[in-house]
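*Asks:* Single-letter residue listing:
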Amino acid sequence: MTKHLTYSQDDVLNAFAMDFEPGERVLQRYISQYPQYSLKLVDLARELAREFDEDSPLDADDLAAVNAGMRKLQRASISLQTLQTAPAKKFTDAAKKLGLPIQVGLALRECRIDASTVPSRVIKKLSQALEAPIEVILAHLALPPNTSQLRASKSSTKPAAAEKVSIERILKDAGYSEDALSQFLNNE
Amino acid sequence: MARPLRKTKLDGTSYSRRELIESEIDEISTINVTELVRRAALWPSSATGFISPEALVYFVRNLPDGAPRNKLTEHLLRHVVHRIPRPADAGNQTESLTRMNIRDDVVDRFVDLLMSDRQGYDERLDYYEIHFNKAIATARQDASTRHWTHENRSDELGTDDVQISDRVEAAAGNYDPFDPDELDKKFYRLMLDEAIDSLPEFHRRIVEMLRQEMPIESKDPSVESISKVLGKTEKTIRTHRDKAFASLKMRLERKGKI
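Chains as they are written, first to last, in this note's numbering: chain A, 1 to 188; chain B, 1 to 258.
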């Protein structure tokens, strides 16, 4: 009963969808293997069996949804490019607005922060401070890390390859005490 | 040869595209980009030169940034919208609004996936190259769960103390919504789906499991049954099956479909 616990609900539902063929007892097989998701599997089977009249043309309302999607895509792409080419000051100013040290701003610009270590409320505030959608902030953080050539050449130590680190590590390096760090990470 | 997919199955082996899609991608790879854009606009699927949504996803992911990719993306979003029930066809205003939210949610999340894939390969988009309609069905279900829960549509009807009503049994009679002869007709299938949508959640689940040929009850504990999945007695399931069938019969009769 407890086998396959390592798979997430999304993994199982997607695998079921890809395997699904009407009336071939795929549903029964998956329910038997993943009983913890049985109702989700039944509901998904309902969607997979749904019939569509795909030959009918889209109406004005449908086309408006397509256009909204295209606008979102174009806006995000412009914002990400803007963020990638923005001066360091934009990032350090944003960090200051959030009461964070300048090092966070620089690490943010250089995509050196592991996004999964940044509390969601901080991502939200950064999105406001940088005037970019949350998904753009996350897309920016997901880019490969880089270190400013200028800063590397000014450094007295041998430059190391840029790598992603946790925000906790950056704050510690910037001199945050354990108390301040705990408050930052746990404050909701 | 098309770029291989990276998503792995639950057994650890890699997913691959269907042979038909691989051949289609190979064929389309030989045409110029102007022709590709022209063909991407073809509709319906019976049109000569029509490009499947799976192949379209492949080219949207692999073309360089620019006007042709934007045009292809727009056509791809039309495929997405085509696979979402129309808000205008809903039975009432609440359902119509919810359908609108579901449609916008599915489109939004698909756009998020495209954006994420452009920043770095996003394996979740592989599902759309394997089987576009099934991947959209999963996205639709995900969005439906969020929006119908919000609308508080999840109604609980199944209680173990229901008495089989002669009236309900009589109303359902020998009616079988999954009569193979009827199911051969596309219009019937569309109407049946619409009728199933209008059922309470408990009934919808019973109907869906019956459609997938699950038994109501089984003496063999290794066999999954409707009664086991829903945690109700066989008698309760049978009563609600009859109620659901009676309701489907009535709705389809009203539309003159049976």
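These are computed hints drawn from the structure, not numbers from a lab.
Even glycine gets a Cβ: it sits at the ideal position worked out from N, Cα and C.
Errors might be hidden in some of the hints.
What the hints assert, rightly or not - Covered by chain B, according to a simulated footprint, are these stretches of chain A (three or more residues, beta-carbon under 8 Å):
#	stretch
1	18-30
2	90-100
3	107-120
4	167-176
To be verified - One-sided and incomplete, this derived list gives chain B residues near chain A with beta-carbon spacing under 8 Å:
#	residue
5	LEU20
6	SER45
7	SER116
8	TYR127
9	ARG146
10	ARG204
11	GLN212
12	ILE216
13	GLU217
*Asks:* Could you check the structure against the hints above and give me the numbers of any it violates, in ascending order?
*Replies:* 2, 3, 4, 5, 9, 12 and 13
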